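Peer 1: Here's the letter readout for the chains.
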Amino acid sequence: MLAPVDGSSRRADAVPIEVSGLNKRFGAIQAVSDLSFTVAPGRITGFLGPNGAGKTTTLRILLGLVHATSGTATIGGRRYQDIERPLRSVGALLESTSFHPARRARDHLRMCAIAAAIKTTRVDEVLELVGLKDAGRRRAGGYSLGMRQRLGLAAALLGDPPVLILDEPANGLDPQGIAWLREFLRYLAGQGHTVLVSSHLLAEMAQTVDDVVIIAGGRVRAAGPLSGLLSQIRSSMRVRTPEVDRLLGVLAAAHWDSRRLAHDLVVVEGVTPDQLGPVLARSQIVVYELVNERTDLESVFLSLTGSETPSATAVPGP
Amino acid sequence: MIRGVRAELFKLRTAPGPWVVLGAALLFTALGIVVVFLVSHAGVNGRHHVSFVALTSQYRLRRLVAAGFAVGGVWMSAVVGVLCVTGEYRHKIMTTSMLVEPRRWRLLTEKAIASLIWGLGIAVASLLLVGAMGIPLLKTQGGSVSALFNQAGPVLPGFFAAFALLALFGAGLGTLIKNQIAAVVTILAITFIIEPVFDGIFPNVGRWLPYAASAAVAGDIAPAAERVYLLSWWLATIVLAAWGLVPIVVGYFTTFRKDVT
Chain A
1 MLAPVDGSSR RADAVPIEVS GLNKRFGAIQ AVSDLSFTVA PGRITGFLGP NGAGKTTTLR
61 ILLGLVHATS GTATIGGRRY QDIERPLRSV GALLESTSFH PARRARDHLR MCAIAAAIKT
121 TRVDEVLELV GLKDAGRRRA GGYSLGMRQR LGLAAALLGD PPVLILDEPA NGLDPQGIAW
181 LREFLRYLAG QGHTVLVSSH LLAEMAQTVD DVVIIAGGRV RAAGPLSGLL SQIRSSMRVR
241 TPEVDRLLGV LAAAHWDSRR LAHDLVVVEG VTPDQLGPVL ARSQIVVYEL VNERTDLESV
301 FLSLTGSETP SATAVPGP
Chain B
1 MIRGVRAELF KLRTAPGPWV VLGAALLFTA LGIVVVFLVS HAGVNGRHHV SFVALTSQYR
61 LRRLVAAGFA VGGVWMSAVV GVLCVTGEYR HKIMTTSMLV EPRRWRLLTE KAIASLIWGL
121 GIAVASLLLV GAMGIPLLKT QGGSVSALFN QAGPVLPGFF AAFALLALFG AGLGTLIKNQ
181 IAAVVTILAI TFIIEPVFDG IFPNVGRWLP YAASAAVAGD IAPAAERVYL LSWWLATIVL
241 AAWGLVPIVV GYFTTFRKDV T
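Chains A and B are the protein sequences, given in the same order.
If you read the first sequence in the numbering used here, its first letter stands for residue 1, the second for the next number, and so on.
If you read the second sequence in the numbering used here, its first letter stands for residue 1, the second for the next number, and so on.
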């Protein structure tokens, strides 16, 4: 199912996505504010942010559906509206409900193929690619959310475009479907495709993306390689002990930052288990629980989007 | 542009709405023919002695066609134009359409042309039904089929033009009014309430309205009594085309170009 439709060589038409100084105002609401980032070819970029952060607005501006108040959003240096036969250059998945319920899935793809001068045989190829070969003649109204998502993905892949822009593509997919999507996106990125994916599924994104653009309140909070972002966030240890006061004294002597969270609970910032464990042993402190507070995408996301202060974080390279 | 029109026609062909409208148009046409036949048949046994043959030869094919035309077949053409545009908003397919063709003026033009072609399709289907029902009825009463065909020349151009231009009018209305139900209700209101009111009270204004203009475009189909106050066919063609094009242009700038959120 994962095999490419036509050949497996790395594509030569690498196309970056560039957003520069983008602003969008809906009446009194500033949806997007001075947004700038670049999505590189051959990498999967996660576009993350809480509800109302401006993700969908940004993607719709990129795709020519919403007009920017100012700034530019280009794909390969051109606005989407200026691309001739855009389905062959950019594949987009925006909503899982963009189908006529009474139209057969195959016909939905055929109508796109006719307009974009894509051979009808490609319709069957993409249906097979997304695992809908046997359901292609069913009406889209009878599809489950996951099947509709796959159909939307099939439409995005119809023109075999070098750029994919996917808004919440894992919505409604079962675990197998999510795993398939992850593997498929990785494969496409490996072939040189430019992949921009927005999602709320942070754990899934952490396994999929190479780069992240995190926005909140319409502004970029962080942009760059995921590994670089994670390395910037200090790890911490959580210690549960009946000897909290003695522990705090030991930590202070070692010049480690710590916070008492409860009568028997302390968080130690910026240490690893390898560093803290021996100190606790030497001090003979009774420990009921020692937990490494992992630095994951979710904690990074929450730390960056929880703040009201719009300060962008430059992330060092891997 | 041709590919876009083909895609729009494919969309119409693969959705149930336009077929329902076509079916309704044929139903109205059939009802109209039956009414004409029953009236004439009743006349044979009644006081007036107006046979079906006499009726068709007197008014020629045009009256028979006009029966279906007048009752409702033609405004169904306008409904298809509405569906072509508003159906996309209703089912959120406009996003897909605008991704395929992001130049919106081009997309709208393709929709208008596809509506016009589907309107012509309704006209052809209606005409075939008229032939399928009318010719046997004519034969049962000893009428001349060849005479009927000879009348086609003056009748058909206006007949087709009226269907096509009203479909364009529907597409324009659909561009102005995105809500499908509101747009269809507006068509019904114009046809069955607004125009009859104007016809009755201000006929000089009423003849500039879409339905009266379509009757004038149809020319020979329109009953002689109506033709007295109708516009000339060429002026009516311009007026009816304007009823389609003006809403399309206004709708493009006010609605169609707006953000799709």
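Derived by calculation from the structure, the hints in this document are not laboratory data.
Certain hints may be false.
[Claimed, not checked] Listed below are the simulated DSSO-like cross-link pairs for lysine-lysine, each with C-alpha atoms no more than 30 Å apart in a straight line:
#1 B:Lys178 with B:Lys92
#2 B:Lys258 with B:Lys178
#3 B:Lys178 with A:Lys133
#4 B:Lys139 with A:Lys119
#5 B:Lys92 with B:Lys258
#6 A:Lys133 with A:Lys119
Note that the structure is a prediction, hence the values are computed from the model and not measured.
Peer 1: Now tell me if each hint is right for this structure.
Peer 2: Taking the hints in turn, this is what the structure says about them:
Proposed proximity of lysine 178 (chain B) and lysine 92 (chain B) is supported: the alpha carbons are some 11 Å apart, at most 30 Å. Taking the CA atoms of lysine 258 (chain B) and lysine 178 (chain B), the gap is near 12 Å; set against the 30 Å cutoff, the hint holds. Straight-line distance between C-alpha atoms of lysine 178 (chain B) and lysine 133 (chain A) comes to about 35 Å, which puts the hinted pair past the 30 Å bound. Between lysine 139 (chain B) and lysine 119 (chain A) the CA atoms are separated by roughly 50 Å; this puts the pair beyond 30 Å, and the hint is violated.
The suggested pairing of lysine 92 (chain B) with lysine 258 (chain B) holds, with an alpha-carbon distance near 15 Å, which does not exceed 30 Å. At roughly 17 Å between alpha-carbon atoms, lysine 133 (chain A) and lysine 119 (chain A) fall within 30 Å of each other, so this suggested pair holds.
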